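Could you build all of it, start to finish, from the sequences and the hints given here?
In case you want the letters, here they are:
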Amino acid sequence: MTGGGAKLAARGLWKLYGPHPERLLAGGARPTPEAIRASGHVAAVRDATIEVAEGEIFVVMGLSGSGKSTLIRCLARLVEPSAGSVSFDGIDLLAASRAELTRIRRHRLGMVFQHFALLPHLTVLENVAFPLEVQGMARGPREARAREVIALVGLEGREGRYPRELSGGQQQRVGIARSLAGNPELWFLDEPFSALDPLIRREMQDEFLRLQRGLRKTIVFITHDFDEAIRLADRIAIMKDGAVVQTGTPEELVLRPADPYVAEFTRHVARAKVVTAAAVMTPGGPVEHAGTVAAGDRIEAIAARVEAAELPHAVVDAAGRVVGAIDRRAVIGVLVGRGPGS
Amino acid sequence: MADAGGTGAERPAAGGADVAARAPTPAPAPPAGRMAGRRLWLVLWGGLAVATLVLAALAPRLSAGPLADLWVPPAWLRPDVAGAISRFMAWLTTEARIGPLAVTEITRALAAAIEAPYELARNLLVDGWTEGRGRRAQQVFPPLSWIAIVAAAVALGVHARGWRLGLFAGGCLLYLAVFGQWQSAMVTLASVVIAVPIGVAGGLVLGTLAWASRPFDRALAPVLDLMQTVPTFAYLVPILFLFGFGPVAALIATIIYAMPPMVRVTTLALRQVPAEIAEYAVMAGCTPWQRLRRVMLPAALPDLMVGVNQVIMLTLNMVIIASMIGAGGLGFDVLNALRRLDIGGGIEAGLAIVALAVALDRLSQALAERARSARPAVAGPWLRRHRWPVTVAAVAVATGLLGLAFPAMQSYPDSLTVTTRAFWGDLVRWVNVTYFDSFEAAKGAALTHVLLPVKRFLLALPWVWVLALVTLAGWRLGGRRLGLLGFLLVLYLALTGLWEQAMTTLYLCGVSVVLAGLIGLPLGILAASSAVAGRILGAVTDTLQTLPSFVYLIPVVMLFRVGDFTAMIAVTLYALAPAVRYTAHGLRSVAPELVEAGTMAGCSRWQILLRIRLPLAVPEILLGLNQTIMLALSMLVITALVGTRDLGQEVYIALTRADVGAGLVAGLAVAAIAIVADRLIAAGARAQRARLGLAEGGR
Chain D
1 MTGGGAKLAA
11 RGLWKLYGPH
21 PERLLAGGAR
31 PTPEAIRASG
41 HVAAVRDATI
51 EVAEGEIFVV
61 MGLSGSGKST
71 LIRCLARLVE
81 PSAGSVSFDG
91 IDLLAASRAE
101 LTRIRRHRLG
111 MVFQHFALLP
121 HLTVLENVAF
131 PLEVQGMARG
141 PREARAREVI
151 ALVGLEGREG
161 RYPRELSGGQ
171 QQRVGIARSL
181 AGNPELWFLD
191 EPFSALDPLI
201 RREMQDEFLR
211 LQRGLRKTIV
221 FITHDFDEAI
231 RLADRIAIMK
241 DGAVVQTGTP
251 EELVLRPADP
261 YVAEFTRHVA
271 RAKVVTAAAV
281 MTPGGPVEHA
291 GTVAAGDRIE
301 AIAARVEAAE
311 LPHAVVDAAG
321 RVVGAIDRRA
331 VIGVLVGRGP
341 GS
Chain S
1 MADAGGTGAE
11 RPAAGGADVA
21 ARAPTPAPAP
31 PAGRMAGRRL
41 WLVLWGGLAV
51 ATLVLAALAP
61 RLSAGPLADL
71 WVPPAWLRPD
81 VAGAISRFMA
91 WLTTEARIGP
101 LAVTEITRAL
111 AAAIEAPYEL
121 ARNLLVDGWT
131 EGRGRRAQQV
141 FPPLSWIAIV
151 AAAVALGVHA
161 RGWRLGLFAG
171 GCLLYLAVFG
181 QWQSAMVTLA
191 SVVIAVPIGV
201 AGGLVLGTLA
211 WASRPFDRAL
221 APVLDLMQTV
231 PTFAYLVPIL
241 FLFGFGPVAA
251 LIATIIYAMP
261 PMVRVTTLAL
271 RQVPAEIAEY
281 AVMAGCTPWQ
291 RLRRVMLPAA
301 LPDLMVGVNQ
311 VIMLTLNMVI
321 IASMIGAGGL
331 GFDVLNALRR
341 LDIGGGIEAG
351 LAIVALAVAL
361 DRLSQALAER
371 ARSARPAVAG
381 PWLRRHRWPV
391 TVAAVAVATG
401 LLGLAFPAMQ
411 SYPDSLTVTT
421 RAFWGDLVRW
431 VNVTYFDSFE
441 AAKGAALTHV
451 LLPVKRFLLA
461 LPWVWVLALV
471 TLAGWRLGGR
481 RLGLLGFLLV
491 LYLALTGLWE
501 QAMTTLYLCG
511 VSVVLAGLIG
521 LPLGILAASS
531 AVAGRILGAV
541 TDTLQTLPSF
551 VYLIPVVMLF
561 RVGDFTAMIA
571 VTLYALAPAV
581 RYTAHGLRSV
591 APELVEAGTM
601 AGCSRWQILL
611 RIRLPLAVPE
621 ILLGLNQTIM
631 LALSMLVITA
641 LVGTRDLGQE
651 VYIALTRADV
661 GAGLVAGLAV
671 AAIAIVADRL
681 IAAGARAQRA
691 RLGLAEGGR
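Protein chains in written order, with this note's numbering: chain D, 1 to 342; chain S, 1 to 699.
Just so you know, these hints were derived from the structure itself, not from any lab.
Among the clues, some could well be false.
Claimed, not checked - Interface residues of chain D toward chain S, partial, derived using beta-carbon atoms under 10 Å: (1) 73; (2) 98; (3) 99; (4) 101; (5) 102; (6) 104; (7) 105; (8) 106; (9) 113; (10) 118; (11) 130; (12) 133; (13) 175.
To be verified - Each pair of labels, with its calculated beta carbon distance range: (14) S/588 to D/34: 42 to 50 Å; (15) D/156 to S/604: 56 to 64 Å; (16) D/258 to S/484: 49 to 57 Å; (17) D/249 to S/38: 53 to 61 Å; (18) S/522 to D/34: 52 to 60 Å.
Just so we're clear, the structure is a prediction, and the values are computed from it rather than from any experiment.
No residue lacks a Cβ here, since even glycine has one placed at the ideal position from N, Cα and C.
Written out as structure tokens, the structure reads:
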């Protein structure tokens with residue numbers, strides 16, 4: 001991906017807490033973790049660079065204390081970065097004036113919070129309409145729009161309730177509806193499902209994917225759950241100690257982890273869910289085959305079919321050309337954890 | 001400390017070391033050395049205590065000789081602070097100008113701005129609107145009828161919680177009417193009605209500014225400390241000079257007294273709004289004003305209402321006290337009755353204060369709770385949504401009109417009032433006659449065996465020694481800055497020439513606080529150990545805290561007459577509530593797993609209490625002690641009315657002589673004692689909390 005095509009790009013982003021972060025970073029210096037600690041500073045984000053393409057679900061994954069929450073707050077400029085740049089659709093967010101930022105946040109950004117951050121004194125309808133209200137939209141249109149997004153997240157009939165009268169999953173649906181009310185282009189989700197029970201979490205993930213299929217937003221999604229990252233992400237950035245250790249598709253991370261830290265995460269992932277036919281096929285031209293599969297198909301989806309056939313299946317690319325073959329052995333290899341990357 | 005490390009390591013210090021490892025701020029010394037260091041300090045403090053006793057014993061011989069200056073601060077060490085303040089005040093009221101305006105012109109304009117709404121409230125509740133002056137005054141428009149005001153109380157109670165509270169509040173006000181206290185009570189209420197909104201609004205503004213700006217917060221903190229610790233009597237005189245005589249000066253003093261908790265609650269409540277909600281407000285594109293007005297303040301509302309309740313109760317307390325200096329109202333009735341030895345009348349007016357205080361407290365608490373719980377959505381036509389204000393207005397108009405024909409509708413008929421005056425008078429007389437000997441014996445024993453020895457001991461201590469001890473304690477508990485603060489404040493006490501009075505204050509306060517602790521701690525343990533006892537004691541302490549401090553004086557003076565013993569009893573009663581409350585709360589909030597672990601380890605109930613609950617509750621109990629001391633000091637100033645000879649009396653004398661300088665100097669001395677005690681105990685609680693690895697807690 002090139003910088004020109006990115007909807008949101010952050011380059012060399014730093015956030016240090018301490019007495020004089022600017023001195024430590026003056027002139028584009030890149031202090032080592034030891035130098036940062038020795039000077040009495042704490043590094044929350046270290047030299048992070050990410051690019052998010054339009055319509056992409058970009059997941060930032062890291063354990064607690066890895067700096068992922070600070071990173072998303074730097075991107076939204078809720079936290080002032082110590083150094084680096086953030087550009088959104090060609091606008092330099094760090095140079096934007098206060099008024100400009102307010103305008104951008106009102107019309108182009110949306111954010112969902114881990115603990116929902118619903119306003120306790122407002123009803124569901126008022127909460128969802130709130131961002132429109134502060135823009136100065138009249139009551140009629142803003143309530144109509146609010147009802148629309150409330151219906152989108154499946155909460156019709158609860159418009160008059162207060163947040164404390166709803167379950168956690170319902171509260172986060174309100175949070176999601178509220179963040180979508182202003183029809184943002186860029187959607188930040190900060191661990192939106194972490195505070196929910198596992199079953200509800202799964203249901204909300206499906207719901208989120210369903211919404212995104214219709215909305216095609218550009219998304220930055222924070223999570224500490226690698227399985228969630230793999231389920232949702234187009235691409236994942238893994239963070240450790242404030243730095244981005246690796247960025248790539250789920251398959252790339254599983255097959256080619258950049259270091260032992262990433263490998264440790266990917267070790268227990270069900271590989272069939274992320275590995276594609278193209279990664280395990282025997283490359284070559286057309287052969288005698290039982291059927292065809294697409295190069296981008298996940299093994300999980302084609303395993304039963306390939307395993308049941310005596311002959312291998314042909315793998316075809318997007319243009320319909322045969323680029324290789326995949327047989328039982330290759331599929332079973334993935335399922336039992338043998339083969340590339342392991 | 002380092003060479004003593006070996007002895008510490010031999011002890012089974014694993015528990016201590018483990019806890020220390022979890023502490024949020026590990027102390028610089030290693031755990032083993034720290035154990036030994038702590039023992040060293042224990043020995044040192046023991047030695048200092050012995051030295052103090054020896055010094056006190058030697059005092060009669062040494063304090064007369066060449067070392068006398070060490071015992072009593074010498075005259076050449078005392079600058080004339082009081083005179084300087086008085087001269088400054090004189091200059092401020094006569095010559096000082098800001099631009100073209102004299103300072104007094106500004107302050108008088110301010111006074112007029114407060115006086116106008118106060119007059120309105122008084123007309124509405126008490127006087128009605130009149131034409132002409134003096135005897136020829138004709139009422140052209142009546143005040144609200146007693147029925148309308150009772151109806152308003154009922155409506156407010158129903159609105160806040162339900163019919164039970166409505167009837168209770170209405171009953172309290174009806175009590176005032178039936179027992180003939182209506183007029184005075186409404187004078188008091190008029191002051192409350194005006195002072196509370198100003199105090200709340202001022203507290204909101206200052207608290208919000210302190211929340212938004214750290215430097216402002218830091219600058220405001222010592223001002224708030226002084227507002228809460230300097231006795232009101234001390235700044236009453238300068239206020240009279242600046243704002244003129246009359247009810248407005250009392251109102252301004254009341255507002256100064258009642259506002260600080262609102263400032264603190266506002267700042268704290270805004271800080272406690274979850275970070276995500278504050279961030280959300282930014283992300284939703286709120287302007288700073290929208291953020292504050294639409295998100296932060298509403299989200300903080302339930303906590304803010306707690307502050308409003310405090311402002312109301314403090315305002316009532318102060319209005320009662322201020323009425324003694326001529327503002328009229330219930331406090332004046334009590335004082336008047338006491339002066340005339342009309343015991344029954346005093347008790348009756350005192351009970352009226354209790355009724356008013358309880359009604360105001362329950363109503364404002366219910367409103368606070370209402371803000372916390374889910375509100376049912378208001379729907380329907382205008383009349384239905386506003387049925388309570390409309391009903392009250394209708395009652396007011398109807399009774400006002402009917403009152404023209406039937407005066408009983410307008411003001412409660414005198415012929416129907418009941419008086420219990422004779423009953424109370426007889427009761428107190430009977431108690432005094434029957435138990436006179438026992439009372440005298442108890443009083444005499446307490447005076448000879450406790451009060452006088454403690455007083456003599458404290459007065460026998462050299463001021464230089466006290467200065468050194470406080471400085472050392474401050475340095476040990478809170479580092480160099482606290483040591484310096486303690487040094488400066490004690491030095492202030494010595495330099496003002498009020499050393500003897502300060503020590504007398506310390507003695508009365510100390511004895512009362514110890515007594516309150518001795519009673520409060522067991523009661524707190526009882527409240528924490530049984531649900532029934534907890535509920536009963538909770539209700540009793542809640543009510544005790546509601547009562548204006550002045551009320552406590554009434555029964556005590558009647559039974560024990562005036563003097564130190566009387567003061568001690570009144571102060572102890574007033575300061576008892578926090579000792580019970582904080583102890584019970586501290587014991588109850590010990591983590592249940594720890595108690596379960598103790599039970600599984602086979603601890604008996606006593607062992608669980610002594611080995612697990614009490615040690616972990618120490619920080620909370622210390623906070624309770626702190627509150628007890630603060631209340632004791634504020635009550636001590638009131639007890640100056642019963643003839644103590646401490647700083648409170650100095651303040652009171654300065655008030656009667658209208659001596660600005662002397663009053664402020666003595667008032668600041670009270671504040672100095674309060675601040676030293678507060679900081680030392682807070683630092684001790686903090687250290688204990690860190691040692692136990694507990695999170696920094698609020699109340």
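Checked hints:
| no. | hint | verdict |
| --- | --- | --- |
| 1 | 73 | holds, 7 Å |
| 2 | 98 | holds, 9 Å |
| 3 | 99 | holds, 9 Å |
| 4 | 101 | holds, 9 Å |
| 5 | 102 | holds, 5 Å |
| 6 | 104 | holds, 8 Å |
| 7 | 105 | holds, 4 Å |
| 8 | 106 | holds, 3 Å |
| 9 | 113 | holds, 4 Å |
| 10 | 118 | holds, 8 Å |
| 11 | 130 | holds, 6 Å |
| 12 | 133 | holds, 8 Å |
| 13 | 175 | holds, 9 Å |
| 14 | S/588 to D/34: 42 to 50 Å | holds, 47 Å |
| 15 | D/156 to S/604: 56 to 64 Å | holds, 59 Å |
| 16 | D/258 to S/484: 49 to 57 Å | holds, 55 Å |
| 17 | D/249 to S/38: 53 to 61 Å | holds, 59 Å |
| 18 | S/522 to D/34: 52 to 60 Å | holds, 56 Å |
Consistency note: the structure conflicts with none of the earlier hints.
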